[in-house]
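Asker: From just these sequences and the hints, can you work out the full model?
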Amino acid sequence: MLPTFEPALLPEDVRALRAHVRAFLAAEIAAGHWSPRANSWTIFDEGFSQRCGAQGYIGMTWPKAYGGRELSSLHRFVVVEEMLAHGAPVGAHWIADRQSGGQILNFGSEDMRRSILPRICTGTCYFGIGMSEPDVGSDLASVKTRGERSNRGWRINGTKVWTSGAHRAHYLIALVRTEPRGESRHAGLTQFLIDLSRPGLKISPIENLAKERDFCEVVLEDYEALDEEVLGGPGQGWKLVTHELAQERSGPERFLSDFNLLVELIRRLDGAAHARKDVGRMVARLVALREMSISVAGMLARGVSPELQAALVKDHGMQFERDLPEEARLLLPLEPGAGTADPYEQQLARTLLFAPSFSLRGGTREVLRGIITRHMGLR
Amino acid sequence: MLPTFEPALLPEDVRALRAHVRAFLAAEIAAGHWSPRANSWTIFDEGFSQRCGAQGYIGMTWPKAYGGRELSSLHRFVVVEEMLAHGAPVGAHWIADRQSGGQILNFGSEDMRRSILPRICTGTCYFGIGMSEPDVGSDLASVKTRGERSNRGWRINGTKVWTSGAHRAHYLIALVRTEPRGESRHAGLTQFLIDLSRPGLKISPIENLAKERDFCEVVLEDYEALDEEVLGGPGQGWKLVTHELAQERSGPERFLSDFNLLVELIRRLDGAAHARKDVGRMVARLVALREMSISVAGMLARGVSPELQAALVKDHGMQFERDLPEEARLLLPLEPGAGTADPYEQQLARTLLFAPSFSLRGGTREVLRGIITRHMGLR
Amino acid sequence: MNETLAAIAETLRGILSARCDAKALREADGGAWSGDLWSALEEAGVPGSTIAEDAGGLGLGLEEAVFMARVAASHAAPVPLAETLLAQWLWHSAQGAQPAPEAPLGQRLTMHIADGLAPVAAGAAISAELARVPWARHADVLLLVIPNGDRCQLVRIGLAATGVRLTPAANLADEPRDRVHLTGVETGPRDVRSLARPAEDVLAMMALMRAAQMVGAMEAAVAISVGYANERVQFGRPLGKFQAIQSHLAGMAEELAAATVALEQAAASIGEPARRPLAWVAKALASESAGHIAAASHQVHGAIGFTREYRLQPLTRRLWSWREECGNEAFWYDKLGGLAMHNGADALWPWLTDISPSSGAISKSATNSGAT
Amino acid sequence: MNETLAAIAETLRGILSARCDAKALREADGGAWSGDLWSALEEAGVPGSTIAEDAGGLGLGLEEAVFMARVAASHAAPVPLAETLLAQWLWHSAQGAQPAPEAPLGQRLTMHIADGLAPVAAGAAISAELARVPWARHADVLLLVIPNGDRCQLVRIGLAATGVRLTPAANLADEPRDRVHLTGVETGPRDVRSLARPAEDVLAMMALMRAAQMVGAMEAAVAISVGYANERVQFGRPLGKFQAIQSHLAGMAEELAAATVALEQAAASIGEPARRPLAWVAKALASESAGHIAAASHQVHGAIGFTREYRLQPLTRRLWSWREECGNEAFWYDKLGGLAMHNGADALWPWLTDISPSSGAISKSATNSGAT
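Residue numbers (the numbering used here), protein chains in the order written: chain A, 28 to 406; chain B, 28 to 406; chain C, 1035 to 1406; chain D, 1035 to 1406.
Keep in mind the hints are simulated off the structure, nothing from the lab. Note that beta-carbon positions come from the ideal geometry of N, C-alpha and C, so glycine has one too. It cannot be assumed that every hint is accurate.
Unchecked claim - Chain D is faced by these chain B residues, among others (derived, beta-carbon under 10 angstroms): (1) Asp72; (2) Ser159; (3) Pro161; (4) Ser165; (5) Arg173; (6) Thr186; (7) Trp189; (8) Lys238; (9) Pro261; (10) Arg349; (11) Leu361; (12) Glu362; (13) Gly364; (14) Thr367.
Stated by the list, open to error - With a Cα cut of at most 27 angstroms, we get these calculated DSSO-like pairs of lysine-lysine: (15) Lys1275(C) with Lys1275(D); (16) Lys229(B) with Lys171(B); (17) Lys171(A) with Lys91(A); (18) Lys1275(D) with Lys266(A); (19) Lys266(B) with Lys171(B); (20) Lys238(B) with Lys1057(D); (21) Lys171(A) with Lys266(A); (22) Lys266(B) with Lys1275(C); (23) Lys229(B) with Lys1057(D); (24) Lys1057(C) with Lys229(A); (25) Lys1057(C) with Lys171(A); (26) Lys1057(C) with Lys238(A); (27) Lys1275(D) with Lys171(B).
Answerer: Right under this line is the structure:
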């Protein structure tokens, strides 16, 4: 009834893999390719993604036939956590590696797998998420984008929104209503692979309050999808999107987004005694969150569905991420703003502006808490 | 739309009144009658109540004809806040003074007023609250205690619970269903004056987790009430109980219950620099809460209904009361327990055990928050 | 609200609602000066309203200034109104070396407490580097506040003068917070006045003005959130029907109410030195609530609130900035806690009752309240 | 959960569920010794299970001890099981002056770290006053831990010996926390052993046992709350249908999960000195969560939870007590923060990856983790 988090032991060869990633990242930073930043999984850097691809850091768990390395979820976990902890700009390949590639592997056609997965693995093919719509947030079953049968396959009309990086991505996987809403809200939904290079699409970046253009609005106007671009089969959309969301919720980005702020805070504090207790609290919470997250990765590696545990880590991790800048600003007060060269000030300003988005991705708190209590046996 | 708290100016003669109360309380403490304690409004002390009555501190706002002094709500506010801030054992006369007397004054018969109010004012007549029932908490409209017409008036059967001090009180005012529940949940309810010295009652104290016997269960078995013991008229119960709850929610006990703990904490801290910030935060919150509470008293004095403002002060004040012991224990750690002579340790232990009850009285947080958002224009 | 304040509010709202739309705010974010808005405010006599009547102003006090700053901030007005109102009032409260004829201090004012400077002789040249001076690039005059024991010196610095150089910087809301370099800037005898208040009082007043702005911005954020919760439908019901959303909104209302009451009682007693800690309380509570209310507003809104085009972010970015300026909650709580512990356990209750403006004229026992 | 633990859990639950009912707990609150319960535990070999096998025990380790303490606490078992299990284990891990024949330490044990005492010579008489010694009045032996540089001395004190006097005291849960007065209590050569661990390690182990008890009590409190939310109807619907209640319960589950994971990883690596900070994390998180979970459980329950007859209070009163014992969260967070800052910013991430038992055998870079 109460959630259990079985401990996972990282495979022995993870030690070498971790050392490899650390050396790679250190060389990247030393070469001045980028500097560590909080919330780095929203930063789009094609060059970095290609270099990650060359190292074999993308699509690691997929079959070798598709460019993968057939490693475990625990191996992928270690690469991802090292990237995030070092504030590396993983944004370009992020969605493809975390969720879209898996959808294609599990539910796409063989052609789709052969044509797309290897390009994801080389860090040259990027994805956006096509779930949300202007009036559809957490309540995904109410999507209004419609797909109708056409001569060539399907004609899709509607508007997707909050699709990260769609203006720079190659594809998105869209959740579309292909049958009128009936008794079951979850029936009649279908996932499509949308090729962003085709006609019938209008993509407009949406500026966020941090003045970055990460999210997009994607308007589909008579977009033509082929039958073989349906994932998993018509009407399977709800099952597929649930699978996709579990992937989206399970990663260490749910508590490592602003890890870099904690690092720079500790650097600037320089041992200040007044901060010990609060720093220790943040570190303690991280120790537990990371262990919970490893346990989730272990469940994935064993083929167990971590729906409850993933929701729990995400909600708890999100709280940690939101608390961190608020703790920092009280321990080391300053007036945050643009144009400072100090890493702590930079990370604090960036994190304060991004904090409202921490709870947006992968479902709101209420959705997550509903999942948690349902599993706890609340009727 | 947003709540406003008009500032109130205490009448000029309040200054003398306050000095009078302070001198009285200082003399009480010096005489060793009692020592200041947190949550003192649950402490039953008949002698103290009688001495308060002799000073004219009870029923102050009521007509002189009934033993009152015809002073304003602001005068009463000052007396009450001084009592609470000094941790005086006001429990015996508390309910009668705060709410039951007012119900009788406003909705009782002239006979009832003449026979009961003067005794309340002398501190010799005490009341319990007869709202809750074993399966009825916040949802008062679902009370199951029933009143049926009888030869002499009404025959009442049912069980009331959480009635503070019923085993030591003379009366309670009970909310009773006198007509079957129909379309409107709020119709068919009636308030009765219940004389606890009559037959047809079984009163059992309920021990609380602090091992005090403050709450009681009162079983009414064919209790006979007279027609003239109906308050306001049959079917008026919902209106009356709403009025009573507004009185219950509006007082300074909603943030002063554990004031004494803050005083003893400051004494024991002895200027410790590490505690400055947190002590300052508690003081700042108190400054604002007290001003809000005075504003509510001012509204009562002007005859304006403070439903929104009272709910807001109660919910916010309750949060303050619950935070205070938690802050204290981190600033001045100790292992709380029984049998210590140190005032700080005593107050901390007592407050920790009583804290769960802070949110019980006068409606749960959800009920209060519903009132607040309704007034804010949430549809 | 009294009649003067009601009239001011009506005038201000008329000016602001027309001139603080999304386009105007976006231009200001980009560094443009909101000249139209400022001219309209000047035509209505707002920025000069705290100038003494005999110097051509309306002679309004700080209580009214607090109110105007609050209303302006509820529209995220990108102009130095709070700074101008306070600087004008301070200048006209101070004694000049040569009292008459009264010369205007300036039009668009900013101010800064220069803790590092020693009092200057009239006519002396000033060199200093001042960090994060609000609106400096758009202001014509900087009022420099130099601590001088239990008084302070007010020095008028024309920002177009020789020896003044700016390095632009901004807060999270893109409000200018420039670095001002003063190199041998000359001051005339009319440029220096002496204020019979310690610098920490001036800091408390600056903090009070920021608290006023925060309350204004929080009021707007709460109102927008309630509106959104009523409009937006999710799972077939308006958001506002969900208990979790109700809980967010009620919590916001509670914190806002406490911050507002704290602001109003501090503003009402700003003339009483013994009640100065009320300004500390006001800034501290507003600063702490600002974070909670900004976070809860965004929580209620979801993704739309995170976009630049939506009207929530001009308010929340200001809240995240203002809570740090002129002392954040940790700074003022610390000061207040120090005072409470200095006064001692048994003085806490008498202090609480005396400090409230509801008690009327303050009694002797509260006169220790300024010490820390 | 491995098989040993599963078997232990079954045995324990069988004993506890029959003997920790409301009546038994009320009698223990009143000061009575729960002799039946203890005898049943002894018959099952539980209290002696951490005695070395060659000394007649089961030779279980601290990981199992942690688990047993957790299960016992989920029934609010009013006996010194956690203390006995740890004291036995420490005694049998230490080197005696005369290793054989192995003498039993005692039956019902308590322990205390005497920071103020200097190491004693074998056979010396001890005088000291020890505050808040758990269960002293019901124990037969007190294991005194005397710091001695990077080791410590373990001294066996028979509580029936001449020169021992008790003043009863208790925690908020009415568990004995007595004051023990030692006046020239004599110790024999077999009563003193030397443990190759610093006293701060022993404190961390005591803290870990309390963390285990807290996790057990929190598990029970959460389970009771879920059950109540399913049963109790309000406004025509079960409590659990209300979003506010769901939010309470989900928040409880999250904190409990974090505290449990922290406990389990600390218990799994209790033998590795470099991972000792995991015990600090476990006690700190459990202590902080204890307050939140106790408050939320009461919030879900309303008035019924505030009564003594309801089964929530034996758990929550223990949580309020245990969180302060063996260092509260402020104490351990402070220590951990000191370590993190001592290690430095760039060491934080490697430290985090190394400290986790998931990394397997610990690498060199984490060996500084014991320093503060």
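Asker: State for each hint whether it applies.
Answerer: Structure-based check of each hint:
no. : hint                       : result
1   : Asp72                      : violated, 22 angstroms
2   : Ser159                     : holds, 7 angstroms
3   : Pro161                     : holds, 8 angstroms
4   : Ser165                     : holds, 6 angstroms
5   : Arg173                     : violated, 19 angstroms
6   : Thr186                     : violated, 13 angstroms
7   : Trp189                     : holds, 5 angstroms
8   : Lys238                     : holds, 6 angstroms
9   : Pro261                     : violated, 25 angstroms
10  : Arg349                     : holds, 7 angstroms
11  : Leu361                     : holds, 7 angstroms
12  : Glu362                     : holds, 5 angstroms
13  : Gly364                     : holds, 5 angstroms
14  : Thr367                     : holds, 8 angstroms
15  : Lys1275(C) with Lys1275(D) : holds, 14 angstroms
16  : Lys229(B) with Lys171(B)   : holds, 17 angstroms
17  : Lys171(A) with Lys91(A)    : violated, 38 angstroms
18  : Lys1275(D) with Lys266(A)  : holds, 25 angstroms
19  : Lys266(B) with Lys171(B)   : holds, 18 angstroms
20  : Lys238(B) with Lys1057(D)  : holds, 15 angstroms
21  : Lys171(A) with Lys266(A)   : holds, 18 angstroms
22  : Lys266(B) with Lys1275(C)  : holds, 25 angstroms
23  : Lys229(B) with Lys1057(D)  : holds, 24 angstroms
24  : Lys1057(C) with Lys229(A)  : holds, 24 angstroms
25  : Lys1057(C) with Lys171(A)  : violated, 31 angstroms
26  : Lys1057(C) with Lys238(A)  : holds, 15 angstroms
27  : Lys1275(D) with Lys171(B)  : holds, 23 angstroms
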